[in-house]
Amino acid sequence: MTTKGFKKLASLPFPLGAPTWPDSVERPSKLRKVGLDYDNAWSRRYPARLVRAMVLDNLGRPTVRVLAPSTVRGYHHVEQLEGPVIFVANHASHLDTGVILTHLPTHLRHKTIVAAASDFFFDRTWKAATWSLLLGAIPIERTKIDRRSAAQAEELLAEGWNLVIFPEGGRTPDGWMQDFKAGAAFLSCKTGAAVVPIWLGDTGKILKKGSDFNGRPPGGSGTEDAESGGLHRHRVSVSFGSPLRPEPDDNARRFAPRIEAAVELLGREVSTDFWQARRNPNPANTRGPEAAPWRRAWAKPEDGEHMASWPKR
Amino acid sequence: MSPRPGFVLEVDRSTPPTLFWSGEQLSLHRLPVGSRVLYAPEPLEGLADPEAAIAHALEHPTGDSEPLSALLFPGMKLTICFDDVSLPLPQMAAPDVRQLIIEAVLDAAAAKGVDDVVLVAALALHRRMTEPELRHALGDRVYDAFAPHGLLTQHDAEDEDALTYLGQTKHGEDVEINARAASSDLLVYVNINLVSMDGGHKSVATGLASYKSLRHHHNPKTMKASKSFMDQHHSELHSANWRMGRLIKESGIKIFQIETTLNNDTFPGRFAMLQKREWEWNLRDRATFAATSAALARTPSRYARQIFHSIKSPYRLTSVQAGEVEAVHEVTTANVWRQQGVVVEGQSDILTMGLPYICPYNVNSIMNPILVACLGLGYFFNMYRGKPLVREGGVVIMTHPTPWEFHPGHHPSYIDFFEQVLSVTTDPEVMHAQFEEAFATDPWYRHLYRTGHAYHGVHPFYMWYWCSHAMAHLGRVIIVGGDPKAVRRMGFTPATTLEDAFELAKDVVGPDPSITHVHNPPLLMADVQ
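Sequence order for the protein chains is A and B. Numbered as in our numbering, the first sequence ends at 884 without a single skipped number. Numbered as in our numbering, the second sequence ends at 625 without a single skipped number.
If you're looking for bench data, these hints aren't it; they were derived computationally from the structure. The beta carbon of each residue, even a glycine, is placed where N, CA and C say it ideally should be. A hint or two may mislead.
[Said to hold, decoys possible] Here are some, though not all, of the chain A residues that point toward chain B, as calculated from beta-carbon distances under 7 angstroms:
#1 P590
#2 T591
#3 W592
#4 P593
#5 D594
#6 S595
#7 W613
[What the hints assert, rightly or not] Simulated restraints, written as ranges between beta carbons of each label pair:
#8 B/S165 x A/A624: 50 to 58 angstroms
#9 B/P101 x A/D694: 29 to 37 angstroms
#10 B/G587 x A/T696: 55 to 63 angstroms
#11 A/K604 x B/G348: 56 to 64 angstroms
#12 A/K604 x B/G171: 36 to 44 angstroms
#13 A/V596 x B/R380: 16 to 24 angstroms
[Claimed, not checked] Below, a sample of chain B positions facing chain A; criterion: calculated Cβ distance under 8 angstroms:
#14 T111
#15 P112
#16 P113
#17 L124
#18 F242
#19 E374
#20 W375
#21 W377
#22 R382
#23 A386
So that you can see chain A by itself, here it is in the shape it has in the complex:
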């Protein structure tokens, strides 16, 4: 229906049109149930799952294949794996979620939800609905531990859902991996779900933090730093590690470093090789030097394979 049509409908007398508000009654401030309060149970019901599966398989996978042709390692770790599983990955780009989901085997892909920052993906009703539908996103509080989001994730894992979580709490600002928060380890200890470490290499080259899909850094006109913004085709690497399970006497504090180390190891394997990664566990390969921000950025290896970018420069 057109805007004109909606306006015409609204101008009809009550009850066909909207009711007038009595002058004597104070209008409540419009309470939007967004953020952690957003109830997206609907997105886990069959109709929404069907839409998600269709979009992911028919639109998401071809798009990711075109935008981010990948080198996949360790696929055998997840090929036969049974859920519930917690997928834990480093985070450099908004496309990371799509890359992970499209690289999962079908039996896991269609039963996977994504922990998404409530302050970013759930701050508007339309955004919350969109990400809930397309990614099966659930809102989490990334700045502090929130019982509600933890309880919901725990409940969904117990129901057999797989969960994608980025324990860095946000995309890396400089390309180097950040410290992990203990959320994934906590959930694994609580539910017994296996944790699959994933290293995503070079996804930041496609759509890095600080730019939008039009190539404009926030607040910028799009001309200052054209190289840094926008969508660029780039080859990426997706490395799955061996599933980790908490030991009987493990707690989140003990288990979290093991997860972090496993992701880091996968990253080193990509930049060196299997043997070197183990023989020379130099954190600088994934974490970068402990130095000023420009030196950290400077130390980042040059792009490997440059491909076409969009929009055209």
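Since the structure of chain A is provided, determine the placement of chain B on it from the hints.
What follows is chain B alone, placed relative to chain A:
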């Protein structure tokens, strides 16, 4: 977010039209500027775990009572009585709270090795419940365990062999109740307290009584002296029942009273607009209302009735308390008020009310003209504490089609009452003196009451007495949209539209009257200051 309390709206030019029930029809009416509309508090949160709350209540009794498990012993005679089909309204979605409680009581009895258990529906002079109604109230598990063995019974107020006379109160009131209940080692009463009049000593003293006993408080004198019968501190009906209840207690009958309160979440989601404030109706509410009201206007009344009576309310249990009758009832009444109370400043000249399709006496049945009067003037008028919402000499305007239609199986004596009694007098005192006895003792009505599903012969009189206080208080009663002949037969004034009714009312209360509208259901109790 906690539920909002009740609300009194003062109608202004921006106020949208107000919802009025009219039997099985729904309509919107614009009330004059300055009118007040009373809205019930929003539904309270239900108990998260009703079964656990029931178990807790049984083992942690209120007042001077031992826990249920301590009152049960092998070889005892246990009778479990429960409220009949008149509660709650509409029927609640399964599982009914009576089922949950009775199952818990039976679990406790089984654990203690109690063999002699009988269930009794506390009908008083109401019609017997049908099998589907019993199954709904008690659940299949209870029904199938007791009914085939004749252990699920319905109180028969006309079976002299099944009644026990306990004596007279100091006021000369005869107390005669169900013999099985009277001879039991423990009488467990399971109640649903929908309005503040229910429960307490009224459960046993009325629900299990005979006509001989009931006539002492179901009469015009008592009803006129109950201002209102919903306010136990100013209700002669309440006082009479309390006197009888205390006599029952003194006669050695041990009662373990279990009372419950429900929230007022009356209509399921698809009809949510019926309990919302009109200015908060969203697109879905408006579309549902437009479609529903248009469809109902084109649906024959019998089908519309079937549709409405099939609605099961999503009521939630808000409290359960068990133990000594009076202590339990005090807590229960407070919980009823918590859900229904609305503070209102002062009376008005005119009180308007839209009467819905159901009252306690036409569940799965027809709302005949006498029940229309009883719902409006008996129940809704009396839903106050302090003073009536309408001043003395004021006018009540009710909307209801008031068809000249009766259910011959459920309300046989109503038909004759309407034809033979109301055609002679509408004065409760006169009909009490001249006609009541004949109807109450009529063998055909007794037969239908005892063997069919008919209300007792005297029941239409009681319904009319229920209106006594209102009729004595009011200057005129107007029914909008009612069958003019049926309305006039009852001594009321018919009107075609609400606007006509206001004009007619001005003849009584004068120009520029103050108006209050009760947005009911969900039920509300006005605390008139």
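For each hint, the structure was consulted:
no.	hint	in the structure
1	P590	holds (4 angstroms)
2	T591	holds (5 angstroms)
3	W592	holds (5 angstroms)
4	P593	holds (4 angstroms)
5	D594	holds (5 angstroms)
6	S595	holds (5 angstroms)
7	W613	violated (14 angstroms)
8	B/S165 x A/A624: 50 to 58 angstroms	holds (54 angstroms)
9	B/P101 x A/D694: 29 to 37 angstroms	holds (32 angstroms)
10	B/G587 x A/T696: 55 to 63 angstroms	holds (56 angstroms)
11	A/K604 x B/G348: 56 to 64 angstroms	holds (58 angstroms)
12	A/K604 x B/G171: 36 to 44 angstroms	violated (58 angstroms)
13	A/V596 x B/R380: 16 to 24 angstroms	holds (21 angstroms)
14	T111	holds (4 angstroms)
15	P112	holds (4 angstroms)
16	P113	holds (6 angstroms)
17	L124	holds (6 angstroms)
18	F242	violated (39 angstroms)
19	E374	holds (6 angstroms)
20	W375	holds (5 angstroms)
21	W377	holds (6 angstroms)
22	R382	holds (4 angstroms)
23	A386	holds (5 angstroms)
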